[in-house]
Amino acid sequence: MNQIKIQNLSKDYFDVKALKKININITEGSLFGILGPNGAGKTTLLRTLATLISPDEGTIKINNIDVIKEPRKIRELIGYVAQEIALDKILTGRELLDFQADLYHIDQSNKLERIELLINQLDMQNWIDRKCGTYSGGMKRRIDLAAGLLHLPKVLILDEPTVGLDIESRNIIWGLLNDLKKDGMTIILSSHYLDEIDKLADTVVIINDGKIIDQGNPTQLKNKFGGDRIILKVREFSDSLESEKVKKILEKIDGISQIVINASQGYSLNFIADRDKDLITKLKVELAFSKFKIFSLSQSQPSLDDVYLQATGKTLQDAELYMTGKRDLKKESKQSMR
Amino acid sequence: MEIQQYNFIFLYQETAALTKRLFIQLKRRPSTFFAGILQPIIWLFLFGALFANAPKDFLPGVDSYGNFLGAGLIVFTAFSGALNSGLPLMFDREFGFLNRLLVAPLASRLSIVLSSFFYITILSFVQSLAIMFISFLLGYGFPNIYGLGVVFATLILLVLFVTSISLCLAFVLPGHIELIALIFVVNLPLLFASTALAPISFMPSWLGWLASFNPLTFAIEPIRIAYSSNFNLDLIALNAPYGDLTCRNCISLLFLLTILSLVIIRPLLNKKLT
Ligand SMILES: Nc1ncnc2c1ncn2[C@@H]1O[C@H](COP(=O)(O)OP(=O)(O)O)[C@@H](O)[C@H]1O
Ligand SMILES: [Mg+2]
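Those protein sequences? They're chains L and S, same order as listed. Under numbering that gives the first Met the number 0, the first residue of the first sequence is numbered 0, with each subsequent residue one higher. Under numbering that gives the first Met the number 0, the first residue of the second sequence is numbered 0, with each subsequent residue one higher.
Mixed in with the good hints there might be a few duds.
Said to hold, decoys possible - Simulated pairs of lysine-lysine, DSS-like, Cα-Cα distance not exceeding 25 Å:
#1 68(L) with 19(S)
#2 270(S) with 88(L)
#3 325(L) with 19(L)
#4 246(L) with 221(L)
#5 130(L) with 270(S)
#6 210(L) with 325(L)
#7 329(L) with 270(S)
#8 19(S) with 139(L)
It is worth saying that the hints were derived from the structure and are not from the lab.
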């Protein structure tokens with residue numbers, strides 16, 4: 000059953016269109032992944048879901064309750080763990096959880112029990128009574144996640160929960176998310192890591208520049224290509240002209256499809272090849288015939304990145320790198336300050 | 000503040016949690032609290048010494064300058080504390096901690112305002128008592144029980160008035176730098192343009208007019224009267240250029256100002272906190 004219905008959602012920040020008519024349905028009890036590079040609009044989408052910003056257009060309903068019209072009811076249903084972790088440096092982790100429990104009106108008897116349980120689940124015993132100001136990134140994430148889970152939300156919203164985390168913290172968080180899913184909690188998780196989404200998500204939407212590129216089950220999305228991902232270079236650093244020529248040759252070969260030139264990786268050619276053992280030989284012959292050598296050729300199973308690459312002509316990683324340093328995060332956080 | 004299915008138990012629980020947080024912060028970082036007591040006492044001591052040899056009856060109704068100054072310093076302490084009350088909120092906005100409160104299903108977001116108010120009120124009571132006690136030791140007397148009642152009633156009104164303005168500023172101004180700058184600019188001039196340091200009769204007429212519209216004056220004068228042995232609410236507290244005000248008048252004016260400020264800031268807090 001669709002528990003969350005997002006329709007025609009749009010949001011602008013002055014001249015930046017952060018979300019452009021987004022439509023998403025999320026099934027109850029599923030783990031829903033939102034994959035996209037920095038600046039794609041993930042945080043804006045999740046903040047809107049969490050009642051922190053109101054959209055310019057569109058509607059969101061959770062359990063048939065309108066997020067914009069009845070925010071307070073929604074707040075009871077959801078747990079929101081923001082991308083930027085904001086803890087009170089002076090409080091200990093336990094004091095923070097206690098504080099949070101009171102904000103969610105958990106009664107005194109349940110409170111201690113819930114806090115103890117989460118301390119165990121997230122393996123925080125050793126440092127929970129230290130001040131939050133002394134925590135590492137991984138500890139902060141874990142305490143923040145615990146805070147979001149105290150009131151046993153029906154829907155848990157996580158904005159890039161494992162970015163930059165140590166492996167231990169990441170594994171603990173992934174483990175807990177899997178357990179929560181088994182208990183029937185709906186989890187929405189954004190990430191720019193393919194593996195994370197691939198491993199955890201039942202359904203994924205890939206977004207770029209405020210728009211949905213594709214959505215579905217990760218395996219289905221990958222199988223759509225029906226072949227292997229090949230990355231071909233005729234020289235270490237080729238150029239646009241040369242790659243276009245190679246592309247023309249490839250286009251004529253049966254069983255090769257979806258050819259994309261990746262400018263940021265030395266104009267390499269990325270395409271999907273049918274699983275046919277003669278195909279590569281055929282390819283080599285054709286290239287030799289036109290006097291092209293093969294500098295490198297790699298073959299792999301398609302990944303979600305290919306879905307992204309196909310739509311944008313860039314890999315997720317390149318898109319991520321491209322954005323790094325482009326955004327004035329200070330200014331943005333000033334502007335989104337409430 | 001959306002008034003909706005008010006649940007007072009919830010309101011109590013969240014307000015208590017927010018207030019408790021402020022007190023934990025105070026306990027772990029007590030320096031401003033002690034500075035708030037120390038500063039007025041140093042002033043009391045220095046100003047008292049400065050005017051120690053002034054002619055015997057240069058001030059009406061009191062027998063020393065230290066005696067005169069006490070009320071002004073108590074009010075100034077409460078005023079400064081309340082003026083600064085927006086700062087923790089501003090930091091919460093800047094660091095994103097406020098979002099934690101905004102995504103929580105608070106019974107009413109009024110609890111954010113209430114907790115600051117409780118906190119500052121208790122703080123300024125404790126600080127005022129400390130100042131009163133020390134000035135008592137310095138030989139400047141102590142109010143009787145009615146006088147104490149007036150002192151605290153006046154302080155509550157002043158704190159409510161100034162806290163609401165400060166919280167409002169914490170939402171309107173772009174950051175803590177601006178807030179601190181404004182506090183800095185407003186704090187001392189308001190003190191000097193009140194009757195904290197000198198009676199109106201000492202002032203040039205323009206300053207006298209200014210001082211007799213200054214909310215601090217309306218708080219200082221009742222507290223000053225509260226120290227006199229024959230205290231009652233109808234004693235003349237202030238010889239303002241527009242006429243004499245009794246103790247009762249001063250407190251009523253302060254009350255009106257407080258209500259007015261709450262009415263004015265309400266829509267803004269509503270907007271910022273929905
Ligand atoms: N407060 C803001 N003011 C102006 N632009 C913003 C603000 N927040 C986000 N943006 C812009 O909106 C777009 C989407 O941002 P965001 O939702 O944070 O993406 P993501 O979380 O996927 O990195 C980006 O181009 C970003 O620069
Ligand atoms: Mg983001």
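Tested hints:
no.	hint	verdict
1	68(L) with 19(S)	violated (32 Å)
2	270(S) with 88(L)	violated (28 Å)
3	325(L) with 19(L)	holds (21 Å)
4	246(L) with 221(L)	holds (23 Å)
5	130(L) with 270(S)	violated (34 Å)
6	210(L) with 325(L)	holds (20 Å)
7	329(L) with 270(S)	holds (24 Å)
8	19(S) with 139(L)	holds (22 Å)
The structure shown violates the earlier hints numbered 1, 2 and 5.
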